[in-house]
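Novice: Chains as they are written, first to last, in our numbering: chain A, 1 to 245; chain B, 1 to 245.
Note that these hints are calculated values from the structure, not bench results.
It is possible that part of the hints are untrue.
[Claimed, not checked] Estimated spans, in silico, between C-beta atoms of each pair:
1. H190(A) to T166(B): 56 to 66 Å
2. E30(B) to R178(A): 29 to 39 Å
3. G146(A) to L67(B): 48 to 58 Å
4. G33(A) to S135(B): 39 to 49 Å
5. D68(A) to R90(B): 15 to 25 Å
6. V134(A) to R90(B): 24 to 34 Å
7. R178(A) to D11(B): 56 to 66 Å
8. V133(B) to D68(A): 49 to 59 Å
9. H41(A) to V36(B): 35 to 45 Å
10. L67(B) to V133(A): 27 to 37 Å
11. G114(B) to G33(A): 19 to 29 Å
12. R90(B) to V173(A): 31 to 41 Å
13. A16(B) to P62(A): 48 to 58 Å
[Unchecked claim] Listed below are several chain A residues computed to face chain B (Cβ distance under 7 Å; list not exhaustive):
14. A6
15. Y7
16. D8
17. L80
18. P82
19. E83
20. V85
21. P119
22. A122
23. G240
24. G242
25. R243
Owing to the predicted nature of the structure, the values given are computational and were not obtained by experimental measurement.
Heads up, the beta-carbon is just placed ideally off N, CA and C, and yes, glycines get one too.
Number of protein chains: 2
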Amino acid sequence: MRLLIAYDGTDFRGWARQPEVRTVAGVLEEALGRLVGKPPHLSVAGRTDAGVHARGQVASFPAPGHLDPERVQRALNAMLAPEVVVREARWAPQGFDARHSATSREYLYRIDTGPVPDPFDARYVWHRPGELVVSSMRTAAGHLVGNHDFASFCRVPGRQAGTVRTLRTLTVVSKGDRVGIRAVAPSFLHQMVRSLAGTLAWVGDGRIDPDAMPGILAARSRGAAGPMAPAHGLTLVRVGYGRRR
Amino acid sequence: MRLLIAYDGTDFRGWARQPEVRTVAGVLEEALGRLVGKPPHLSVAGRTDAGVHARGQVASFPAPGHLDPERVQRALNAMLAPEVVVREARWAPQGFDARHSATSREYLYRIDTGPVPDPFDARYVWHRPGELVVSSMRTAAGHLVGNHDFASFCRVPGRQAGTVRTLRTLTVVSKGDRVGIRAVAPSFLHQMVRSLAGTLAWVGDGRIDPDAMPGILAARSRGAAGPMAPAHGLTLVRVGYGRRR
Numbered sequence: 001m002r003l004l005i006a007y008d009g010t011d012f013r014g015w016a017r018q019p020e021v022r023t024v025a026g027v028l029e030e031a032l033g034r035l036v037g038k039p040p041h042l043s044v045a046g047r048t049d050a051g052v053h054a055r056g057q058v059a060s061f062p063a064p065g066h067l068d069p070e071r072v073q074r075a076l077n078a079m080l081a082p083e084v085v086v087r088e089a090r091w092a093p094q095g096f097d098a099r100h101s102a103t104s105r106e107y108l109y110r111i112d113t114g115p116v117p118d119p120f121d122a123r124y125v126w127h128r129p130g131e132l133v134v135s136s137m138r139t140a141a142g143h144l145v146g147n148h149d150f151a152s153f154c155r156v157p158g159r160q161a162g163t164v165r166t167l168r169t170l171t172v173v174s175k176g177d178r179v180g181i182r183a184v185a186p187s188f189l190h191q192m193v194r195s196l197a198g199t200l201a202w203v204g205d206g207r208i209d210p211d212a213m214p215g216i217l218a219a220r221s222r223g224a225a226g227p228m229a230p231a232h233g234l235t236l237v238r239v240g241y242g243r244r245r
Numbered sequence: 001m002r003l004l005i006a007y008d009g010t011d012f013r014g015w016a017r018q019p020e021v022r023t024v025a026g027v028l029e030e031a032l033g034r035l036v037g038k039p040p041h042l043s044v045a046g047r048t049d050a051g052v053h054a055r056g057q058v059a060s061f062p063a064p065g066h067l068d069p070e071r072v073q074r075a076l077n078a079m080l081a082p083e084v085v086v087r088e089a090r091w092a093p094q095g096f097d098a099r100h101s102a103t104s105r106e107y108l109y110r111i112d113t114g115p116v117p118d119p120f121d122a123r124y125v126w127h128r129p130g131e132l133v134v135s136s137m138r139t140a141a142g143h144l145v146g147n148h149d150f151a152s153f154c155r156v157p158g159r160q161a162g163t164v165r166t167l168r169t170l171t172v173v174s175k176g177d178r179v180g181i182r183a184v185a186p187s188f189l190h191q192m193v194r195s196l197a198g199t200l201a202w203v204g205d206g207r208i209d210p211d212a213m214p215g216i217l218a219a220r221s222r223g224a225a226g227p228m229a230p231a232h233g234l235t236l237v238r239v240g241y242g243r244r245r
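Only chain A is shown next, with the shape it has when bound in the complex (with noise of 0.2 Å):
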């Protein structure tokens, strides 16, 4: 069965179960053990940092045929809605897995530069006052794009096997005090985005050349990206599973 999930990251340890802390997984997992007897692993397109936000993450589990996907739907969203909500529950084709199935994740990081935080969205949003230039910001995100070793962009390179990625979108948007980045890929690298979004942010604000991308990309070494933004600010925000390109 597939689940299309909505959360609040903030008060999860992300979202891989481990034990005593307080994970999506986890919650999910145990809530689905109690509709099913026994909890089931679910396999998840996007495994979230802790702190990160989803619109529309994607988890899959083997489900007895018995089990209805909208009655699954209402009783996990009595038990975990509004923190973590499903917005959808179906039947997926068989051999579907939300994990290896996936053709492609996007994300949005989002930077509010105003002078005070918005009390609103405080927690999906980095607070870093003080203007950003968008033009350079985009010139850099140029550079980034396509087929390359993102070595310099991930946090423990040498944990996961390869490092070059193919980086189909990076568009950076604004409006009023808000920046947004989007990225989208096949698959990204371990905090990968949040690289993409401090590095990004260190050009808008003049610290970096944007034309110093490339540069960064072939030190393949993370000392030479910006830093890594904070967790808060980056939502999943779709799946995709459509052919793969």
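Following the hints, put chain B in place on chain A, whose structure we already have.
Specialist: Using the frame of chain A, we list chain B on its own:
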């Protein structure tokens, strides 16, 4: 000194200072007390109830002339943001009083009619699944605008000096699953906006005919109108200090 304030009302028992409970005025006055030696009394434009939010609340207090407004803003935000944010602090003309000088208050009541709540604004929006017929709500609102006795939309009419008010604006806007009710008046009765919102919701779902409004006003009885909408959907948006009309 005049303060422009935004707050998330979720964890407050309203604006007004009360012993033993956490209120917005309570935390602000205490924080100001640390700056000026003794907690001042804040005059406020809108005494919001428990759970009600504000984007553009205005408060004022008598401040010693050597106090720097920017320092007040910085210090209060350092202590209270992002739950309570001072958006602006400045000197006001002699005789200014946030409550008595105000000439209009504008409130926004928000409803989410979608099937499941949204984790990112569930605390600021009344989640009420099921379609609302906005055109009917607008017809009803048209009957309510103007100078009327609003006793039917007031929680405890007996405790206030008169129940006649001039509702200058009552508009209903909708976008996707969201319905917003905007109300502007020189002043409102206690819980009047929430009573208007609850009544308009009953109009929207067909339980009350929009053309029943004149009769409901004439009844001058709280029981004649619809229910009171929950506090957390309400936000004080703006306070006006223009000429009295």
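Novice: Among all the numbered hints in the text so far, which are the ones the structure does not match?
Specialist: When the structure is compared with the hints, numbers 5, 7, 8, 9, 17, 23, 24, 25 turn out to be violated.
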